[in-house]
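A.B. asks: Its first residue numbered 1, the sequence shown is counted upward by one per residue in the working numbering.
Simulated from the structure, these hints should not be mistaken for lab results.
Glycine included, C-beta positions come from ideal geometry on N, C-alpha and C.
There could be a bad hint or two in this list.
DSSO-like mimics (lysine-lysine), calculated; alpha carbons at most 30 Å apart, straight line [stated by the list, open to error]:
no., residue 1, residue 2
1, Lys155, Lys118
2, Lys136, Lys155
3, Lys155, Lys120
Here are the simulated distance ranges between beta carbons [stated by the list, open to error]:
no., residue 1, residue 2, range
4, Met95, Pro135, 19 to 27 Å
5, Phe66, His147, 43 to 51 Å
6, Gly105, Ala42, 45 to 53 Å
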Amino acid sequence: MDETTAMPPAPTAEPLQAAVEKPAGPSVRVPVWLVAGLVGFAAGAGAVGLTWGLSSSADPAVPETFTLTGSMSLNTGSTKGAACAGRGGYSDIAMGASVTVYDEGGRVLATGTLGGGKPKSLDGCDFPVTVPNVPKGPQFYQVEVSHRGRISLPKADAEAGLLAVSLG
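Can you make the complete structure from the sequences, with help from the hints?
C.D. replies: Pasting the structure below:
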């Protein structure tokens, strides 16, 4: 060997190895597909929840509504029995007859119907009135049962369910 080239000394001990401690207890391996599925499920549920929350919040462009309720009394010209209803010139006054709600300007806001009539007095019927989804806002409403003409109802009375219409 050449004196200009020095050889490294021979190792005297074994090389050091990194100490790895194993956790106590049994080892659990979770499949990658299960982790990916759970993460995907959580992300999807979060997206659905966010969309639902945003869509169900009050939208200022959609007016608040109420259900107009009250009664229609037919004082004469009705039949009695299981189907209390108008007869003759009042035959349009019966369960299912249209009830239309207008704003101050005459624009249709909502429609509903008369409920089933109940006999009253000698020759009359009382009908419940229900008109859902009437937008709040106008200071008064116009209400028409069948084709019998409109009556005016103040906002407070309409929203309180105080419609009382009579005919005959």
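A.B. asks: Decide, hint by hint, whether the structure agrees.
C.D. replies: Hints, verified against the model:
no., hint, result
1, Lys155 <-> Lys118, "holds, 27 Å"
2, Lys136 <-> Lys155, "holds, 8 Å"
3, Lys155 <-> Lys120, "holds, 29 Å"
4, Met95 <-> Pro135: 19 to 27 Å, "holds, 26 Å"
5, Phe66 <-> His147: 43 to 51 Å, "violated, 25 Å"
6, Gly105 <-> Ala42: 45 to 53 Å, "holds, 51 Å"
This entry does not satisfy hint 5, going by the numbered hints stated previously; all others are met.
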